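Those sequence lines, one after another, are chains U and H.
Per the UniProt record's numbering, the first sequence starts with residue 1, numbered consecutively.
Per the UniProt record's numbering, the second sequence starts with residue 1, numbered consecutively.
In short, the hints are calculated from the structure, not lab data.
Misleading hints may appear alongside valid ones.
Listed below are the simulated DSS-like cross-link pairs for lysine-lysine, each with C-alpha atoms no more than 25 angstroms apart in a straight line [to be verified]:
1. K182(U) x K313(H)
2. K85(U) x K100(H)
3. K332(U) x K284(H)
4. K172(U) x K161(U)
5. K45(U) x K182(U)
6. K262(H) x K243(H)
7. K151(U) x K160(H)
8. K305(H) x K182(U)
9. K90(U) x K305(H)
10. K215(H) x K151(U)
11. K207(H) x K94(U)
12. K45(U) x K90(U)
13. K85(U) x K131(H)
14. K151(U) x K172(U)
15. K172(U) x K182(U)
16. K100(H) x K77(U)
17. K259(U) x K280(U)
18. K332(U) x K243(H)
19. K160(H) x K27(H)
20. K258(H) x K243(H)
21. K293(U) x K332(U)
22. K90(U) x K79(H)
23. K305(H) x K151(U)
24. K27(H) x K79(H)
25. K125(U) x K45(U)
26. K200(H) x K151(U)
27. K151(U) x K284(H)
28. K313(H) x K106(U)
29. K172(U) x K305(H)
30. K106(U) x K200(H)
31. K332(U) x K262(H)
32. K85(U) x K79(H)
33. K94(U) x K172(U)
34. K172(U) x K313(H)
35. K100(H) x K27(H)
36. K106(U) x K305(H)
37. K161(U) x K262(H)
Far from chain U, some chain H residues (derived; all Cβ distances over 12 angstroms) [stated by the list, open to error]:
38. E38
39. R61
40. P193
Every value quoted in this text rests on a predicted model; they were computed, and no experiment measured them.
Here a beta-carbon is modelled for each residue, glycine too, at the ideal position from N, C-alpha and C.
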Amino acid sequence: MSEEIPFPKPFSVEINASVALKLAKIGENHYPGTSSGPIYGFDNKETSVINICHLISFPTQHTSGDDVFNTRSSNAKFQTEFLSKLRESKIGAKLLGWFITCISGKHLRQTLIESILRLQETNRKEHRDDFPALLVVYDPSSALDSLLSLKVLRISDAFLKTWDSETRFIAKNLIENRLSYKNIFESVPATIRNSHLINLKIQELDISAIYGEDLELTSNYLNGTVQNAEQLTEAIDNFNHNLGNFNYFQRSLSREITKVKQWKLRAQQENSQKLKIDPKAQVSEPDWTTQFKLPQVPSKYENLVISGQVDSFCNNLESTGSVEHAKTSGIKESLDL
Amino acid sequence: MSPPLHIVKPTIVAPLGSSADIPITVKIESSTLLQLIESIYENDDDSETQTRTVGTLLGTRSDDGSSIDVKECYIVPHKEEDDELTIEEAYHISTYHLYKRANPELQVIGWFSTSPELDAYTGLFHEFYAKGSCAPYQPVLLTLQYREEESGAIISPIIKTYISSPVGLPTYSTIASKLNLDKTGFYAFVPIPNEISYSKNELTTLKYLSGASKKEERSFDLEGLDELHQMSSAVSQISDLIKILRDYAGRASKGDIKGDDKIGQLLLSNLNYKPSGVDIEAFKKDFESHLNDTLLIQYLASCVKQQLDLSAKLTNFVAPEDAIKE
C-alpha cells in the first residue's frame, strides 16, 4: 500500500488573470455563502507548471448538506459535461481540481479531502499523471476590505503517506510522517499571470486611479468576525463531541484491557493447576480474542480535520484582528485622542 | 428602378413595431472582459476555415431593455467556407444550458467576434443569433480589435458593441418576393456605448493585476500575501501620495508653480473637517473599547489555539490491539 508518491517536484501553478477575476466575482455573488466548482487547465511536464485557465461554479451549492463534491451528485456529471464542452471548442484542458470561496478553514472537510484524493488516484491510474489535484481557496470577505486572500493548496505528502498506510491515523504514523492538523493541506507556489493583451488593456484601464478603501474602518470587520466566531463555535462543538467519543473509548478500552488481563491470569493459573494434577494434560495458550471484543476506535481523521478547522478559524480571527488593530491605532494616533 | 431602402430604427426590445426610444448601454463585467480578451488567443491563424473566433455572450437585460449586463461568454466552433458558414448550433445550445444551470438568470444576449470587421459573415452570424436563441430580442454584437488596421501591430484590445436593424425590405414584403430578392443576412450595424463595470471584489484582484501589468514578467506571486503585508504596502502607498501632495502644496504656496484650484478646494474641504456634534469624550471611549474588544478577540483566539495544540499532543490514537500488548 505505502508506495512512494512520485509527484514531480518542485512544481508551480499559474493562474490566468481572467480566472482570478472570475473567482472574485463568483465569490462575491455567493457571499456570505460558500460556493465551489471545478477548475480546468493543463500541465506542462517539462516546465512543471500547471496552468489554470477555466472555471465554472457548480449548479448545486452548499445550501443542502455536504454533498457538493460527491461523485454521485449532479455536480460530478456537470463537471464532466463542461469539460467535454471545453474540449469541443478545441481548448485542451483537463480537470485540475476545485475552487472554493469561503473563509479560510471551511475548506477543511472530509468530503472535499476525499474527492481530491480520488481525483489524484484516477489521474495516476488512468492517465499516468503524477500532478496532484489542486484546491483554490478564495476568501471573498477580506476582499471587501481590499485585501486579497487567494491560496492554491494540495494535499500534503505527510497526509498522503498516512492515508496510504494500512493503519492510517494511529499515533505512530502521525509522528513518523510529521502529520498534524496544521499540515493536512500545503500551499503550492502560485502566480497570477496577465497575458500580453490583458496587460495592455489593464494598463489602459488604469485601476490605480480608482480610490481604494484599504485603510478605512468598515463594518465589514464586525460582520466577518461574527461569521468567523460562529464557525469557530460550531467547529469547537464538533471537536468536543469527537473528543468525548475518544475519552469514552479510552475509558472502555482500559476497562476491557484490565478484564482481559485478569482473564488471562486466571486462565494461566487454571492451566498450571491442571499441569500440577496431571503433567501430561493438554493445555492451550489462552486466546482472549474469542472471549472479548475491544471497543471501536473513534476517527482520528475526523479529529484531525476538525482541529484543522478550529486552528484556521482562530488564525483568521487573529489576522483580521491584527489588521483592525493596526488601522484603529493609526486613526487614533492621527486624531490625537 | 431600384426598390426603396428602408432602415428600421434599431430597438432592442422587439424586432419590429416597438416604439420605445431608449438608449441602450452595454455593461461588461471586468472579469468577463478578461475572458473575452483571452479568447483572442484561441484564434487559429493557420486554419483556412476560420478567420476569427466567435462565441456567445450571456448576461441579463434590465426590465425595460435599456441596459444589458454581459456576465459570461464562451467560444462556439464554426467553419467559414466560401459562401457557407457552419455554426455548431447544438454546441451553442447545450453549453448555454450548462451555464444556465449554474446561474439560472443568464440569457443569450448576443455574440462576440475577435474580428473587428463587419463583413458578410458577420451578417450571417448575426442572423443566426437574431433568429435563434436571442429572439424576440435583438442580439448585441461585440467585437474585439487587437491589431492596428494599417500596420497590423498588436494594440490594447478595442471593444466595440453594436446592435443591428435589418436593411431593406422586410422579408415578407410582396415587392421583395416579386423582385425575387434574397433577403438573408443584411443588417445595418449601429454602434452603441459600452462600459466596463467593476465590483468591489473584482477591484481588489484587479489592483494586483494592475500592479503585475507594470512588471516584466506580467505576473505576481501569491506567496507572502498575508493581510498585514498587504496593509503595510497600502500604508506606504498612501504616505507616498501624501508626500507628493505636500511637495506640490509647498511649491504652489511658494509660487514656484501655479496651483490647481480644484486640488485646493478639495484639500480645504477635506482638511477642514471637524467632527461636530460628536462628544469627544464618548468618542474616545468608544474607540478605546473597540480597540480592547479587538485585542480580546485576538487573545481568546490564541488561547483556543494553545488548548488545541495541547489536546493534539495528549490525544494519541493507538490501535486497541497494540494497546493490549503492552
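Cross-check of the supplied hints:
In summary, the hint linking K182(U) to K313(H) is supported, as the alpha carbons are separated by about 13 angstroms, within the 25 angstroms threshold. Between K85(U) and K100(H) the CA atoms are separated by roughly 14 angstroms; this keeps the pair inside 25 angstroms, and the hint holds. Among the hinted pairs, K332(U) with K284(H) is consistent with the structure: their alpha-carbon atoms are about 9 angstroms apart, no more than 25 angstroms. Between K172(U) and K161(U), the direct Cα distance comes to roughly 12 angstroms. Compliance with the 25 angstroms bound is thereby established for this hinted pair.
In summary, the hint linking K45(U) to K182(U) is not supported, as the alpha carbons are separated by about 30 angstroms, beyond the 25 angstroms threshold. At most 25 angstroms may separate the alpha-carbon atoms for a hinted pair to count; K262(H) and K243(H) meet this at roughly 19 angstroms. Between the alpha carbons of K151(U) and K160(H) the distance comes to roughly 35 angstroms, so the proposed pair goes past 25 angstroms and is violated. The straight-line distance between the Cα atoms of K305(H) and K182(U) is roughly 11 angstroms, inside the 25 angstroms bound, and the hint therefore holds.
Only pairs whose Cα atoms come within 25 angstroms are accepted, and K90(U) paired with K305(H) is rejected, the gap being roughly 49 angstroms. For a cut-off of 25 angstroms, the pair hint linking K215(H) to K151(U) stands: about 21 angstroms separates their Cα positions. Of the supplied pair hints, the one linking K207(H) and K94(U) is violated, its CA atoms being roughly 29 angstroms apart against a limit of 25 angstroms. For the proposed pair K45(U) and K90(U), the alpha carbon gap of about 20 angstroms is at most 25 angstroms, so the pair holds.
Restraint check for K85(U) and K131(H): satisfied, since their Cα atoms lie roughly 23 angstroms apart, inside the 25 angstroms limit. For a cut-off of 25 angstroms, the pair hint linking K151(U) to K172(U) is broken: about 31 angstroms separates their Cα positions. For the proposed pair K172(U) and K182(U), the alpha carbon gap of about 17 angstroms is at most 25 angstroms, so the pair holds. Of the pairs offered as hints, the one joining K100(H) and K77(U) holds, with about 15 angstroms between alpha carbons and a cut-off of 25 angstroms not exceeded.
This hinted pair does not check out: K259(U) and K280(U) have alpha carbons roughly 29 angstroms apart, beyond 25 angstroms. Under the criterion of a C-alpha separation no larger than 25 angstroms, the hint pairing K332(U) with K243(H) is consistent with the structure, at around 21 angstroms. For the hint linking K160(H) to K27(H), the alpha-carbon distance of about 12 angstroms falls within 25 angstroms, and the restraint holds. With a C-alpha separation of about 18 angstroms, the suggested pairing of K258(H) with K243(H) holds against the 25 angstroms cut-off.
Only pairs whose Cα atoms come within 25 angstroms are accepted, and K293(U) paired with K332(U) is rejected, the gap being roughly 65 angstroms. The hinted pair formed by K90(U) and K79(H) meets the criterion: a straight-line CA distance of about 13 angstroms does not exceed 25 angstroms. In summary, the hint linking K305(H) to K151(U) is supported, as the alpha carbons are separated by about 22 angstroms, within the 25 angstroms threshold. With a C-alpha separation of about 29 angstroms, the suggested pair K27(H) and K79(H) falls outside the 25 angstroms cut-off, and the hint is violated.
Only pairs whose Cα atoms come within 25 angstroms are accepted, and K125(U) paired with K45(U) is accepted, the gap being roughly 17 angstroms. Between K200(H) and K151(U) the CA atoms are separated by roughly 19 angstroms; this keeps the pair inside 25 angstroms, and the hint holds. For the hint pairing K151(U) with K284(H), the CA-to-CA distance comes to about 38 angstroms; that exceeds 25 angstroms, so the pair is violated. Between K313(H) and K106(U) the alpha-carbon distance is near 23 angstroms, which keeps this suggested pair within the 25 angstroms criterion.
Straight-line distance between C-alpha atoms of K172(U) and K305(H) comes to about 23 angstroms, which keeps the hinted pair within the 25 angstroms bound. For the proposed pair K106(U) and K200(H), the alpha carbon gap of about 22 angstroms is at most 25 angstroms, so the pair holds. Distance hint between K332(U) and K262(H) is unfulfilled; the C-alpha atoms sit about 29 angstroms from each other, more than 25 angstroms. The suggested pairing of K85(U) with K79(H) holds, with an alpha-carbon distance near 17 angstroms, which does not exceed 25 angstroms.
Between K94(U) and K172(U), the direct Cα distance comes to roughly 37 angstroms. Violation of the 25 angstroms bound is thereby established for this hinted pair. For the given pair, K172(U) sits about 12 angstroms from K313(H) by alpha-carbon distance, which is consistent with the 25 angstroms threshold. Among the hinted pairs, K100(H) with K27(H) is consistent with the structure: their alpha-carbon atoms are about 19 angstroms apart, no more than 25 angstroms. Note on K106(U) and K305(H): the hinted pairing holds, with a Cα-Cα distance of about 17 angstroms set against a maximum of 25 angstroms.
A threshold of 25 angstroms between alpha carbons decides the hint, and for K161(U) with K262(H) the separation of about 65 angstroms lies outside it, so the pair is violated. The beta carbon of E38(H) is not kept farther than 12 angstroms from every beta carbon of chain U, the shortest such distance being approximately 5 angstroms. At roughly 18 angstroms, the least C-beta separation between R61(H) and chain U is larger than 12 angstroms, which holds for a residue marked as non-interface. Distance check on P193(H): its Cβ is at least 16 angstroms (rounded) from any Cβ of chain U, clearing the 12 angstroms threshold; non-interface status holds.
Checked against the numbered hints given earlier, the structure breaks hints 5, 7, 9, 11, 14, 17, 21, 24, 27, 31, 33, 37 and 38 and satisfies all the rest.
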